[in-house]
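Enquirer: So the chains spell out like this:
Protein chains: 2
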Amino acid sequence: MQQFTRFFTDEQRVRIHEASLEILENVGLLVRNKKAREIFAKHGCEVDNQTTLVKIPRKIVEECRKSFVPTYTFTAQDPQYDVTLPGDRPVVVTGSSAPNIIDPITGEERRATSADIANIAYLINELPGFDVFSISTLAEDAPKGQFSLSRFYPALKNCKKPVRSNTPSIADLEQVLELGYLIAGSKEAYMERPFINHHYCPVVSPLTMDVESTEAVIYLTEMGLPVYGTIVPNAGMTSPMTMMGTLVLGNAEFLALATLIQLIRPGAPMIYAVLSTVADMRTGNYAPGAVETGILQMAHTEMARFYNVPSGGYIGLTNSHVNDAQSGYETGINTTAALCAGADLFNMGGLLGSLMAFDFAKAVIDNEIALMLKRIKRGMEFSEENMALDLIKQVGPGGSYMDLEHTMANMRTTAVLPKVANRDPRGRWEDMGRPDAHARALKEAKKILTKENPARFPAELDEKIRAHFPGIVAGDARWYE
Amino acid sequence: MQQFTRFFTDEQRVRIHEASLEILENVGLLVRNKKAREIFAKHGCEVDNQTTLVKIPRKIVEECRKSFVPTYTFTAQDPQYDVTLPGDRPVVVTGSSAPNIIDPITGEERRATSADIANIAYLINELPGFDVFSISTLAEDAPKGQFSLSRFYPALKNCKKPVRSNTPSIADLEQVLELGYLIAGSKEAYMERPFINHHYCPVVSPLTMDVESTEAVIYLTEMGLPVYGTIVPNAGMTSPMTMMGTLVLGNAEFLALATLIQLIRPGAPMIYAVLSTVADMRTGNYAPGAVETGILQMAHTEMARFYNVPSGGYIGLTNSHVNDAQSGYETGINTTAALCAGADLFNMGGLLGSLMAFDFAKAVIDNEIALMLKRIKRGMEFSEENMALDLIKQVGPGGSYMDLEHTMANMRTTAVLPKVANRDPRGRWEDMGRPDAHARALKEAKKILTKENPARFPAELDEKIRAHFPGIVAGDARWYE
Chain A
3 MQQFTRFFTD EQRVRIHEAS LEILENVGLL VRNKKAREIF AKHGCEVDNQ
53 TTLVKIPRKI VEECRKSFVP TYTFTAQDPQ YDVTLPGDRP VVVTGSSAPN
103 IIDPITGEER RATSADIANI AYLINELPGF DVFSISTLAE DAPKGQFSLS
153 RFYPALKNCK KPVRSNTPSI ADLEQVLELG YLIAGSKEAY MERPFINHHY
203 CPVVSPLTMD VESTEAVIYL TEMGLPVYGT IVPNAGMTSP MTMMGTLVLG
253 NAEFLALATL IQLIRPGAPM IYAVLSTVAD MRTGNYAPGA VETGILQMAH
303 TEMARFYNVP SGGYIGLTNS HVNDAQSGYE TGINTTAALC AGADLFNMGG
353 LLGSLMAFDF AKAVIDNEIA LMLKRIKRGM EFSEENMALD LIKQVGPGGS
403 YMDLEHTMAN MRTTAVLPKV ANRDPRGRWE DMGRPDAHAR ALKEAKKILT
453 KENPARFPAE LDEKIRAHFP GIVAGDARWY E
Chain B
3 MQQFTRFFTD EQRVRIHEAS LEILENVGLL VRNKKAREIF AKHGCEVDNQ
53 TTLVKIPRKI VEECRKSFVP TYTFTAQDPQ YDVTLPGDRP VVVTGSSAPN
103 IIDPITGEER RATSADIANI AYLINELPGF DVFSISTLAE DAPKGQFSLS
153 RFYPALKNCK KPVRSNTPSI ADLEQVLELG YLIAGSKEAY MERPFINHHY
203 CPVVSPLTMD VESTEAVIYL TEMGLPVYGT IVPNAGMTSP MTMMGTLVLG
253 NAEFLALATL IQLIRPGAPM IYAVLSTVAD MRTGNYAPGA VETGILQMAH
303 TEMARFYNVP SGGYIGLTNS HVNDAQSGYE TGINTTAALC AGADLFNMGG
353 LLGSLMAFDF AKAVIDNEIA LMLKRIKRGM EFSEENMALD LIKQVGPGGS
403 YMDLEHTMAN MRTTAVLPKV ANRDPRGRWE DMGRPDAHAR ALKEAKKILT
453 KENPARFPAE LDEKIRAHFP GIVAGDARWY E
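So the protein sequences, as listed, match chains A and B. Position in the first sequence (first residue = 1) + 2 = our numbering. Position in the second sequence (first residue = 1) + 2 = our numbering.
Only chain A is shown next, with the shape it has when bound in the complex:
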C-alpha cells in the first residue's frame, strides 16, 4: 500500500498528542505498584505515595519518546516462524485467555482444559493464516501451583509458532520462564531466542496502573525479555462517551506505560496496543464487535504511526455466540478497517461471545479471513508484466482467457483459494446437504486434528520437562470423541 486511510490531519495528531500530555501532567494517574512509583519518582515525576497519584511532566514523556523503536519481534521455537512488526504485517494472532470452549462434539459451552489448549495449539500451528498463538483459553484442570504452566506447556509442546500469553503472578511467570529454559537447553540459549512472548494489561482505565501486571512488565523489561501491554478504555464506563475523549484517554495511558518501560530500559521494543470500545449503554453490555471498535483502532493506529511504534492488537472480536452472519461481519469489517488504516497486529482469531469461549470452527473461519487480509496487503502488484498488454492484444476484443497458459500459470497466486467459503451453484450446495460456513470449518478442524502432529516436543525433551515439573498435565493433542 502506498497510503493508509486517515481521519486526522498532521495538526490534529499533534493536538491529540498535546492533549494526552496535558492529561499526564495535570490529571496524572494512580500507580498502585510501588516499584513503578519509585521508577517514576527517580526520574523526576511528581509522586504522592499516600494517594499513589503520579503526575508525569511532559518533558519526561518527550525524552522517553526519543528511545521508542519502530519494530517488535515475536520469536518462535522454530526460527522460520519469527515475525516482526511492521514488516510482516498483518501479523495475525488468536484471541487469548477465554475461560470456556464450545465443545466440538456437543456444541455446548463448557470450561476449557489443558487438553483443549493442546488441540488448539496444534490447529494454529497448521493454519497458515495465523502467525502467533496467543493461548486461547484457561485450563480448568490445572494442578495447584501450575496455573500458567498448564497453559504454556501444552501450547509450546504443540505449536512451533510464537506463543504468547500472560501470567497472574511473578511466581507463575518464573515457572513459565523455567519451562522456556528447559526447552531452549539453558537460560543462556533461551535469552538469545526468547520464544515466550509476554503480554499484560497493566493499565486499568481510567488512568490507573495495577499491582501485579505492572510488576510483570517491570520484571520482564528489566530482564530484557519481550513484553507489551494492552490498554482497554470502554466509552461510557471507563472513558468519555465520545470517540475523541476515549482516543485521547487511551493515548495518554499508552504514553504512561511507554514512559515507564523506556525509563526502565531505553529502546525496549513496544506495541501501541489499545483496544478502545464503546459500551452499548442500552444494557451496559461490552461491545468489542461494534464498528466503533474498528474506528477507534484506526485512530489509535494513526497515533501509533505518529510515534513510529508498531500498532494493533485486539481487533476483529465478535459479540456473537455462534458462527453466524454477525460473527462474520464483525470480524471482517473491523479487521479490514484497521488494516486499511495501517494496523500491524490482529488478535482476532477463534473467540466467540466477547472473548468468553473458544470455538474450533471460528478459528478456521478466522484463518480464512486472515488470508484475505494478507491478500489485501499484497494488493495489486503493479508491474508492466502484470498489466499483460501483449496478452490483451493477442486475445483481442471478444476473445476468451479461459484456457490460456497465462491463466493456468497465475490462477493460484492471483487469488486466495478458500476452503471454507463455498462458491458452488445452489443445486450442488443442496446436494451436499446445505453445509454452512460453521459446518465446513468444523470439518476442516477435525481433518487437521485427526492427523499426526508434526510440531510436538522430542520425547527426550518431554521426559526432561515432565521430570522437572511433577504432576504436570499431559499436554497432548487428540481429537475429541
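Fair warning: there could be bad hints in the mix.
One copy or two, it doesn't matter: identical chains are merged, so the pair holds either way.
In silico DMTMM-like links for lysine to aspartate or glutamate, alpha-carbon gap of 20 Å or less [unchecked claim]:
| id | residue 1 | residue 2 |
| --- | --- | --- |
| 1 | K57 | D392 |
| 2 | K395 | E20 |
| 3 | K449 | E128 |
| 4 | K395 | E27 |
| 5 | K395 | D405 |
| 6 | K395 | E24 |
| 7 | K395 | D50 |
| 8 | K37 | E176 |
| 9 | K421 | D433 |
| 10 | K57 | E40 |
| 11 | K449 | D478 |
| 12 | K395 | E48 |
| 13 | K189 | E176 |
| 14 | K466 | D478 |
| 15 | K162 | E128 |
| 16 | K162 | E194 |
Worth flagging that the hints you see were computed from the coordinates, not collected in a lab.
Take the given structure of chain A and dock chain B to it, following the hints.
Expert: Okay, now just chain B, sitting in the frame of chain A:
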C-alpha cells in the same frame, strides 16, 4: 476522512491510464450497436462496419475527459431522499435483478414475483441504511408485454427512495418512462425530477459493446435522463488472470463507454462502476464474494478519483446461499475495503448465491452493515469539545463515566445501536432460544412488513395508472403466510 487507502503512486496511475489509451487506440473494441459506431465514426474514430471494430484515438478520449463531471445524483419521488455522489457517500443500494427469492416462510428458493418486489420495495423504504432501491428481482408473473412495468410499478408504488434498474428493450424502457410521466403528472414535470434511475451493462468484456444495452444508454443520454453502466471483467474468463491486467482492461472499457456518453452529451453525469472479479479456476465458478473483488474495487476507485468521477457500484456481494459467517465476512470485508479506498456507491444489499436470490433477512443484515459503513465514514469527529478534557479531569484517575449526564447525552449519537447484532451474555441468549443473526433479521423484516406502508401511491394516482396499463400486476405489499 482526510485520506484514503491507495495502492498506487501518482506515476503508476498515469501509467494505468496510458496503458488503457493504448488498448483503445491499438486493439480497439467491437461495437455491435450501429448507432454507437456512427457516433464514434462521426467524431473521428477508426470504424470498420464489417468487423464492427472501433479504434479510439487517444486525443478523442482526452478531449472527452475534459467534460467528465464529478457528481452524480439519484433522484427520488420524495425529494428528501435525493442522494448525490460523492457528497452523500457511502450511498448504499440493493443488489439488482435476481431471478429468485428465498421464500421467507418455507426458506426455499423459488422464482420471484411482482408481489415480492412490492414487499422488498416497502422494506427498503423503511430501512435507514439503504439510500437507493435497485429492483432486487425479476417478476415471474409479469403479463406479456409488461416485463419491466411489472418490476417498476410495484417498486415505485411502495418506495419513495430513488428506484433504479434496467430494461431489456427500448419498448420496455418507453413503457417505464410513461409510468414515470403518469406519476409525475406530466412528461415535463418528470423531466424536471427524473426519479427513475437507469442502469445497464453495455460493455461485455473483453472489449465488446452490445446492441440493446448500448441502445438504451444512447437513448437516455440523448434525452438527458440519468443513466450509467457497470462493466464486469472476470479474470481468467474475460480478462487476464492478473489483478493489473484486469484493472487495465476494465479501465479501458470504462473509458470507451465514457467517451461514447460524452460524445453524445458533453457533461452527462457518469459513475465509474466496474465490478472486476477473479474467477475460481478450480471450478470456473464466479466469485464476487472473493477478496480480490474488494481489492480490484479499491484499485478502480483510485482510477475513478484520477478521472474525478464518482465511483463504486456492485461491491459486497456474497457467494453464500445462507446468512452464515461467509455471507457476513464477504459483504463486510469488501465493502469496508472499498469504503476506505474512497468508493462512493455500494450495490451490496439483499442478495445471496452470487446475485441469484433475494433474501429478506440478508437485506436487514445488510442494512445494519450499511449503518456501520456510514459510521466509519463519520469517523472520529475531531473537536476540542469531543476530546472532553475537562470531563477527564473531573472524573479523574480511577473514576467512572457510567452515570454521567455527558454519557447519557452522547450514547445514541456516538454509537450505532444495532437491532440484529446480539450483545447479550450467553445465558440470556440461550434463554431467548439461541437466535442467530438470520433469525433475528427475518423477525425484523416481518415486523416492518406487517405494518401499514406509508409510501404507497395515493388512490387516485393508482387508479389512473391501472387504467392506463390494462392487466397490470397488483403491486401491493403484504406479508406472506
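Enquirer: Taking the hints in turn, state whether each one holds.
Expert: To see whether the hints hold, each was checked on the structure:
Taking CA atoms no more than 20 Å apart as the test, K57 paired with D392 passes between copies only; the shortest distance there is 17 Å, against 66 Å inside one copy. In the homo-oligomer, the alpha carbons of K395 and E20 lie at most 20 Å apart only across protomers (15 Å), although the nearest pairing inside one protomer, at 57 Å, exceeds that limit. Taking the closest pair of Cα atoms, K449 and E128 come within 20 Å of each other only inside a single copy of the chain (11 Å); across copies the shortest separation is 45 Å, beyond that limit. In this assembly of identical chains, the alpha carbons of K395 and E27 lie at most 20 Å apart only when taken from different copies (11 Å versus 66 Å within one copy).
For a Cα distance limit of 20 Å, the shortest separation of K395 from D405 inside one copy, 16 Å, qualifies, whereas the shortest one across copies, 68 Å, does not. In this assembly of identical chains, K395 and E24 lie within 20 Å of each other by CA distance solely across copies; the values are 10 Å between and 62 Å within a copy. Proximity of K395 and D50 under a CA criterion of 20 Å is satisfied inter-copy only: 17 Å between copies versus 76 Å inside one chain copy. In this assembly of identical chains, the alpha carbons of K37 and E176 lie at most 20 Å apart only when taken from the same copy (18 Å versus 82 Å across copies).
In this assembly of identical chains, the alpha carbons of K421 and D433 lie at most 20 Å apart only when taken from the same copy (18 Å versus 34 Å across copies). Taking the shortest alpha-carbon separations for K57 and E40, only the intra-copy value of 13 Å comes in at or below 20 Å, while the best inter-copy value is 78 Å. Only within a single protomer do K449 and D478 lie at most 20 Å apart by alpha-carbon distance; the minimum there is 17 Å, versus 51 Å between protomers. Proximity of K395 to E48 under the C-alpha cut-off of 20 Å is restricted to the inter-copy arrangement: shortest distance 17 Å between copies versus 73 Å within a copy.
Taking CA atoms no more than 20 Å apart as the test, K189 paired with E176 passes inside one copy only; the shortest distance there is 12 Å, against 83 Å between copies. Taking CA atoms no more than 20 Å apart as the test, K466 paired with D478 passes inside one copy only; the shortest distance there is 16 Å, against 77 Å between copies. Proximity of K162 and E128 under a CA criterion of 20 Å is satisfied intra-copy only: 10 Å inside one chain copy versus 52 Å between copies. In this assembly of identical chains, the alpha carbons of K162 and E194 lie at most 20 Å apart only when taken from the same copy (17 Å versus 68 Å across copies).
Going through the hint list in order, the structure satisfies each hint without exception.
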